[in-house]
Amino acid sequence: MATAAATAGAGRAWGVLAQFDSPAEVYHAAEKVRDAGYRKWDVYAPIPIHGIDEAMGLRPSKMGWIVGTCAALGASGGFLLQWWTSAVAYPMIVHGKPYGAWEPFTPITFELGVLIAGFGAVFGMLAVNGLPRWHHPLFSKERFLRASDDGFFIAVDARDPKFDESATARLLQEAGASAVETVEDE
Amino acid sequence: MAHAPANAAALLSPANTTLARDAGRLPAIGLVVLGVAALAIAVAGAILGDDTAKKVALASYHAGFLFTLGLSLGSMILVMILHQVNAGWSATVRRQLENVMSLMPLCLAFFVPVAVFAPLIFHWMDPHHTAGDVIYDAKSAYLNTPFFYVRAAAYFAAWLILSRMLDRHSVRQDADGDRFRTAKARRMSSYGLLIMALTAAFAGFDWMMSLDYHWFSTMFGVYFFAGFIGAATSLCALLLILLRNAGVMEGLVTREHLHDLGKLMFGFTVFWAYIGFSQYFLIWYGNIPEETMWFQTRRTDLWMPYSVALAFGRFIVPFLILMPRPWRRSPLVLGVMAVWILGFHALDTYWVVRPTVETAGAEVAPTWLDIVAMAGPILIFFGVLAMRIASRPLVPLKDPRLGEAMVHKNYV
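Respectively, the protein sequence lines represent chains A and B. By my numbering, the letter at position 131 of the first sequence is numbered 131, and the numbering carries on one by one without gaps. By my numbering, the letter at position 341 of the second sequence is numbered 341, and the numbering carries on one by one without gaps.
Treat each hint with caution, since some may be false.
Below, a list of computed lysine-lysine pairs in the BS3-like style, where the Cα atoms sit at most 30 Å apart [said to hold, decoys possible]:
hint: 1; chain 1: A; residue 1: 62; chain 2: B; residue 2: 263
hint: 2; chain 1: B; residue 1: 398; chain 2: B; residue 2: 263
hint: 3; chain 1: B; residue 1: 263; chain 2: B; residue 2: 409
hint: 4; chain 1: B; residue 1: 398; chain 2: B; residue 2: 409
hint: 5; chain 1: A; residue 1: 62; chain 2: B; residue 2: 398
hint: 6; chain 1: B; residue 1: 409; chain 2: A; residue 2: 40
hint: 7; chain 1: A; residue 1: 32; chain 2: A; residue 2: 141
hint: 8; chain 1: A; residue 1: 32; chain 2: B; residue 2: 409
If you are wondering where the hints come from, they were derived from the structure by calculation, not from laboratory data. None of the values given here were measured: they were computed from a predicted structure.
Generate coordinates for the entire structure from the input sequences, incorporating the hints supplied.
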């Protein structure tokens with residue numbers, strides 16, 4: 001059983017991993033991968049690289065919309081909750097103020113907007129990143145551990161419509177990779 | 001020059017960094033003439049009109065003066081902040097702030113009529129008005145006529161000296177290229193900011209809050225600041241957009257700089273709303289008569305529409321429009337919002353000053369006299385500003401941070 005599974009796994013490529021030695025090299029290689037029209041790929045580096053999102057041709061993140069929607073829902077929910085409880089469900093005079101006065105609702109409306117936006121930011125980010133997950137095929141490569149030390153990597157996913165194991169490997173080689181290898185799906 | 005782009009010398013050529021000496025001369029003179037004409041009409045209206053007309057004209061003129069003063073103060077504070085934090089990106093932006101800041105003597109000239117006719121609108125100066133008034137008696141150690149003028153003189157002395165020194169460092173550096181002027185300006189800005197914080201806040205207490213002398217709000221100084229700092233940032237963005245359209249400052253002021261100014265405009269919009277709401281909210285909750293009456297005056301049938309317009313125009317609209325990144329980077333959207341914020345800052349100033357004019361306890365509705373009296377100083381200010389801009393280089397030509405500003409880029 002175990003041998004059969006291993007053989008089947010070894011036959012399917014998850015993608016191609018290429019290593020670069022400097023931020024500048026990985027930056028220019030990313031431009032070449034972008035220009036070749038790839039869509040499902042990523043750059044891994046131990047440090048932030050200014051302008052890498054442009055070099056990769058990334059479009060603006062979806063996070064703004066997620067967080068904005070959460071903020072609007074949180075704020076309106078917070079306002080309605082207070083208005084409904086203190087002006088409709090259980091009207092009570094406090095400080096001789098009108099039942100539905102908006103003023104005391106404002107801080108909590110704001111806070112709830114911030115709270116739900118914060119949840120949206122954290123959980124939305126995890127969802128967009130595909131986290132949490134137990135494992136990733138890239139971790140099976142010893143060299144990839146250097147992504148958190150001194151290695152700069154580009155990994156192209158086999159699910160990319162333009163992916164072709166040898167052509168993609170050649171592109172990365174020509175883009176200046178110091179090492180290119182195929183990553184197996186497990 | 002560290003980080004300078006390869007074509008730095010070309011970018012700093014006179015063709016890119018100066019306007020022709022007579023550029024925009026005609027519209028500038030036109031603005032000044034219009035402003036003088038508006039003031040003349042306001043003066044005629046005040047002389048020919050009754051006592052109320054005189055008060056209305058002076059109050060609106062006072063609002064116009066405070067609007068121009070706020071732009072100068074705000075620009076000076078921004079120059080000091082940018083020096084103090086050693087903001088490399090702002091080197092190419094700073095000269096426009098210095099142009100607005102250097103109009104402080106004009107603001108002093110605008111203040112003279114207010115100082116002369118002050119008892120017309122500052123009711124606490126009238127002994128008949130304050131006789132037996134316990135609230136006034138408690139404040140009279142601070143709020144008395146001689147001390148009022150001493151303070152005004154002190155504020156203007158501080159502002160004139162600081163603005164002149166800062167401006168001179170910048171202009172002289174254009175000629176001698178002495179980099180240590182940048183360090184000197186920075187050192188000046190440290191104690192300068194402290195002086196500005198105190199004088200601007202107390203000017204707000206003296207010239208705006210004391211119009212309704214029973215009322216007090218310890219936050220009012222910050223409210224004054226929060227309004228004018230956003231307006232000064234907006235004016236800077238507007239000037240840069242207009243100059244870019246005139247075909248100069250190519251590669252010196254880019255979308256990146258506008259983006260940063262847009263972030264500041266957004267931030268100060270939220271800050272104004274935060275301060276304005278906090279001031280209102282605390283007084284609303286406390287419900288103490290001598291505090292609530294200030295807002296009560298602005299919640300009448302006459303003034304309520306202005307209050308609501310202010311909340312929407314000065315906060316909600318710019319808050320939503322300046323939120324998306326692409327809009328903050330668009331010169332068109334940013335330019336429109338700069339004009340918008342300046343307009344609502346003018347309304348804010350008017351809204352603070354004008355409802356304090358009363359005739360026998362009754363409020364006085366806005367008239368044409370308000371428009372001419374308030375527009376007068378503002379039009380003259382913008383006219384003189386246009387001449388000032390054309391009179392000297394558009395960027396500090398030898399600022400050591402210039403290279404950094406030219407290659408400036410926002411990654412987020």
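Against the structure, the hints:
1. A/62 to B/263: Holds - the C-alpha atoms of residue 263 of chain B and residue 62 of chain A are around 20 Å apart, at most 30 Å.
2. B/398 to B/263: holds, 27 Å
3. B/263 to B/409: holds, 14 Å
4. B/398 to B/409: Holds, at roughly 21 Å.
5. A/62 to B/398: Roughly 42 Å between the alpha carbons, so the hint for residue 62 of chain A and residue 398 of chain B is violated.
6. B/409 to A/40: Holds, at roughly 27 Å.
7. A/32 to A/141: holds, 24 Å
8. A/32 to B/409: It holds: about 23 Å lies between the C-alpha atoms, which stays within 30 Å.
The structure shown violates just one earlier hint, number 5.
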